[in-house]
Amino acid sequence: LIDIEGRAIMLVTSVQFFILLAATIALVAMVPVGVRKWVLLAASLVFYTASGIASALFMGALIGVNFLFLRGIVGSAPERVRDRLYTASMIFNAAVFLCMKLGFEPAPGVQPVSLHFGGLSLGYPLGLSFIILMLHGAITDAHSGKYVPKIGFSTYLLFNSFFPYASAGPIERLDRMAERLEKPPRPSAENLREGLSLIALGLIKKIVVANRVKVYVDSVFAGDLPNSSVTMVIAIILNVVYIYSDFSGYTDIARGAGRCLGFDLLRNFDRPFAARSVTEFWRRWHMSFSSWLRDYLYMPIAFMWRRSGPLGQSSALLLTFLLVGFWHRATWPFLLFGALHGVALVAETRYDMVVSAPNGSLSRRLWDVAGRLYFYAFVCATVVLFSASSIYHAETIFARMFTSKEAISLADLMAYKGPVLFAFLLAGIGIWQIMERWQRGLSQRALPLFLAIATFALIFFGQPDGGSFIYVQF
Amino acid sequence: MSSSRNLLIWCGCIALIVAVPLLGDWLCTRLILASESVEAGRVGRVIHGAGGADEIPIFGASKAEADYVPDILGPGYYNYGFASASPEVVNTLLTFELRAGHAKTIIVDLFPGEFKDIGDVRNYIPFADLPEFQKLLQYQDKWQWHYAVPGLRYFGSYDWYIKGILSDHIKATRTVRHGYSVEFNEIRWRRDLFQQNIQRRLWQPPLQFGVDPDQMRRFLELIDSAPDRVFVVVISPLHKVYLRNAVGEAAYRQQLATLAKRSNVRLIDFMRAPYPDEYFRDTGHLNYRGAQVFSADLRAAIANALQNKAH
Chain A
1 LIDIEGRAIM
11 LVTSVQFFIL
21 LAATIALVAM
31 VPVGVRKWVL
41 LAASLVFYTA
51 SGIASALFMG
61 ALIGVNFLFL
71 RGIVGSAPER
81 VRDRLYTASM
91 IFNAAVFLCM
101 KLGFEPAPGV
111 QPVSLHFGGL
121 SLGYPLGLSF
131 IILMLHGAIT
141 DAHSGKYVPK
151 IGFSTYLLFN
161 SFFPYASAGP
171 IERLDRMAER
181 LEKPPRPSAE
191 NLREGLSLIA
201 LGLIKKIVVA
211 NRVKVYVDSV
221 FAGDLPNSSV
231 TMVIAIILNV
241 VYIYSDFSGY
251 TDIARGAGRC
261 LGFDLLRNFD
271 RPFAARSVTE
281 FWRRWHMSFS
291 SWLRDYLYMP
301 IAFMWRRSGP
311 LGQSSALLLT
321 FLLVGFWHRA
331 TWPFLLFGAL
341 HGVALVAETR
351 YDMVVSAPNG
361 SLSRRLWDVA
371 GRLYFYAFVC
381 ATVVLFSASS
391 IYHAETIFAR
401 MFTSKEAISL
411 ADLMAYKGPV
421 LFAFLLAGIG
431 IWQIMERWQR
441 GLSQRALPLF
451 LAIATFALIF
461 FGQPDGGSFI
471 YVQF
Chain Y
475 MSSSRNLLIW
485 CGCIALIVAV
495 PLLGDWLCTR
505 LILASESVEA
515 GRVGRVIHGA
525 GGADEIPIFG
535 ASKAEADYVP
545 DILGPGYYNY
555 GFASASPEVV
565 NTLLTFELRA
575 GHAKTIIVDL
585 FPGEFKDIGD
595 VRNYIPFADL
605 PEFQKLLQYQ
615 DKWQWHYAVP
625 GLRYFGSYDW
635 YIKGILSDHI
645 KATRTVRHGY
655 SVEFNEIRWR
665 RDLFQQNIQR
675 RLWQPPLQFG
685 VDPDQMRRFL
695 ELIDSAPDRV
705 FVVVISPLHK
715 VYLRNAVGEA
725 AYRQQLATLA
735 KRSNVRLIDF
745 MRAPYPDEYF
755 RDTGHLNYRG
765 AQVFSADLRA
775 AIANALQNKA
785 H
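Protein chains in written order, with the working numbering: chain A, 1 to 474; chain Y, 475 to 785.
The set of hints was computed from the structure by calculation and includes no laboratory data. Only a predicted model underlies this, so the values are computations on that prediction, with no experimental measurement involved. Heads up, some of the hints might be wrong.
[Claimed, not checked] With a straight-line cut-off of 25 Å between C-alpha atoms, the simulated BS3-like cross-links for lysine-lysine are:
(1) A/K150 - A/K183
(2) Y/K616 - A/K417
(3) A/K146 - A/K183
(4) Y/K645 - A/K417
(5) A/K183 - A/K417
(6) A/K417 - Y/K637
(7) A/K405 - A/K417
(8) Y/K637 - Y/K616
(9) Y/K578 - Y/K735
From just these sequences and the hints, can you work out the full model?
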C-alpha cells in the first residue's frame, strides 16, 4: 500500500481494494435506494483515509470550500456577486493546486515534503490533480448555466471522492453523475459482467504487461549496461507501451469498479495509436482530460484572445499544453513534454490551414503512412520525458540511441535479461491484445471462461513488483 | 434449464481457476526440486537430504558460490552457496543438514564482515510453508501472504524458475556441476576492467570486520548440537583492496578464536592469500581460474586440517 514516493495509498490492484469493492457491491445490492449513497460515501471515506487522515481531512475541507462557492454561484445573488465568487473560486483552486504541486510534489526519487500537525502528517494528497479539475469543471458549468446542480453536500462530496476514480480519474462531469449519485442504482448482472471483465483486463494490462515492460525499459534507460542503438529504439517504443498499458490498465480497473456499482464512467482511451497526428492522438488519449482541457481551459482562453485571430488560437493552444505539462508534474521534463505537444498541435493546426490532403489513392496512402510515421516518432520521442528523471537523463537516452557503438547481440536486444524473460514480455503483450478484443464482444455466458483465462494469465505471466500506477503520482 | 446450465459453467470455470494453478504449482515445484541451476532447487536438496550421506556440503553466500569448485575439491563435495545468503540463511540450511543425521564434514564459508541479507525470496518460496523459512522471510520483511497459498505462491516468479530449469537442459550459457556454475560467456579478464572494479571498491566504505553476534551465537549452537560432525570454517580470499582500511579485525579474531576452541571445528584462513589480480572476478570474488587454484589449495588445506586435529 505504498506508492513509489513513499505515500500510503490503497492501490486499485491491492487485495484491500477488492475487498472494499466486493463489500460495497454487496451492501449496495442489499440496502434500499435511500441508503446506497451513504454506503458509497462510507466506502470512499475508507478508501481515502487509507492514504492518511490528514489527506482525507484536507480533501474534505477543499471540497467543502468549493461547495460553498457553488452554492453562492447557483443562489439568487446578483450576477456581479456570482462573477466575483466564480473568480474567487478559480483563484482559490489555482492557489491550492500551485502550492501543493510546487511544495509537496518534488521530483521523482526525492523524499516528498510533508506538513506535521499533532499526530497527523500531510503530503501531496492522493488524486488532487484530478479532483481539482472536477471541482473547477462543476463550478464553471454552474456559472455558465450549462448545468445548475440541485444537490446537497453529501452528493457533491461523493462526486468528488467516489473511490473508483478518486486516485487518478477518469475526470468525471457533475452533470453526468449527479442524478445517479443521488439515487445510486442496484448493480445488475450486466453491470457485473462488464465491470468484472474490465477489471480483469485492467489487471492484465498492469500486472502482465506494464510491470514486465517496465523492467526492460528501466534497465535500458538506467544506462548501467552497454546497449546498441537498436536496443535503445526498442526501449523507447516499449516505454510508450509501458505508459499506455499502465494508465489504460488503471482506467479499466477504475471503470470496471464503477460499472460493478452501476455507474458508467467516462472512457479515457479510444485506440490512441490508431491516430495519424498529434491532434488526433489527443482526441483518443486520456479523453476525459483532453475534453476537460478543451471545455474549461482552451476554449475560454481562445475566446478571450479571439480578436488576435489565428495567433490568439495558437497561443491559447500553446498555453493550454504548457499547463498540461505542469499539471502532470512541476519539473522540466514534463514542462518540455507539454511545450512540445503544444508546438506540434499548433503546427498541425496551421499546416492544415494551408495544405490539404493530396488527391489520388496512392498519394493519399503515402500521405497516411508519412502521417503515421511522424506521429509515432513524435510520441515515442516525447514520452521519453515521462520516464526520464531530468532533461539531462532524456538527452543521455537520445544520445545513446544515436551514438552507441555497441554491436547488436541477442543478449543486448533482451537488455541482458535473458530470452525467457523477454519471451514472457512478448507473451504478455500478446495476451493483452487477445483479451482486449475478446472483452469488447464478451457475452454473459463467456464471462466465467474469460475470468478463468485472465486468472491464469495473471498467475503464470504476472509480475507483481511494478509499484504504483504512473498517473496515481500526479 | 438455462440458469442451471449457467451455474454449471460457472462451477466448471471456478474448478478450473482452482485446478490449473494448483497443477502449475505442482509441476513447477517438481521441476525446481530437480534443478541444479535454480537456487531453490539446491535449497530443496538440503531440506530433503537429497545429497545423501556421502555428500560434503559447502555453505555460504556468493563467495562460496564463486570460489569453491567441487570437482577439484574432491569426490562428494557439493556447492550450496548462493548470492546474499547471510549467516542467517546458512544457519537455517545447517539446521536441515544436521537434522538429516549424516556424518560427513561440512564446509562453511564465513565472510569476515557483517551482513543480514537473505538474497532473492524466490530461493525460498517452494518451502515457505516450513516455519524455518517463514521466519527467514519475515526476518527481512519479505513475507507475502500468497507464499502460503498453493497455486498462488509462484505468482510473479514462473519466468525466473523456468529460466533456471531451461538452463539445466539447454546449457546454452552455463553449465552447473555439483552446484558450481561455469559461465561459458564469462567476460575475459582485462586489467582495465579490473582497475575500474578496484576504483569502485575504493569509493565504498571500508570493510567492518566481524560476524553479527546473534548469527554467530546461533552458528555456535548448531556446531555444539552436532559434536560428531566436523565443521571446516573457511575464510576465502579477498583482494587486498577489499581489506584496505578495514576496521575491527581484533574483535573479529576474537570471534574466530571462540569458534576454533570447538573440538569439531577446523578453521582455515585464506583471507589474505596472495593471489594475483588475474584470479579475481572483482575484489570480493574469484573468477573461474582463481577458483580452480583456490580449490586445489583448499583441498590440501582441508586434508591437512582434518589430519592435524585427528592427531
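Verification of the supplied hints:
1. Pair hint A/K150 plus A/K183 holds up; C-alpha atoms about 13 Å apart against a cutoff of 25 Å.
2. For the proposed pair Y/K616 and A/K417, the alpha carbon gap of about 23 Å is at most 25 Å, so the pair holds.
3. Between A/K146 and A/K183 the CA atoms are separated by roughly 22 Å; this keeps the pair inside 25 Å, and the hint holds.
4. For the given pair, Y/K645 sits about 16 Å from A/K417 by alpha-carbon distance, which is consistent with the 25 Å threshold.
5. A hinted pair counts as satisfied when its Cα atoms are at most 25 Å apart, and A/K183 with A/K417 does not qualify at roughly 52 Å.
6. Restraint check for A/K417 and Y/K637: satisfied, since their Cα atoms lie roughly 10 Å apart, inside the 25 Å limit.
7. With a C-alpha separation of about 20 Å, the suggested pairing of A/K405 with A/K417 holds against the 25 Å cut-off.
8. Proposed proximity of Y/K637 and Y/K616 is supported: the alpha carbons are some 22 Å apart, at most 25 Å.
9. Under the criterion of a C-alpha separation no larger than 25 Å, the hint pairing Y/K578 with Y/K735 is consistent with the structure, at around 20 Å.
The structure fails to meet hint 5 from the earlier list, while all remaining hints are met.
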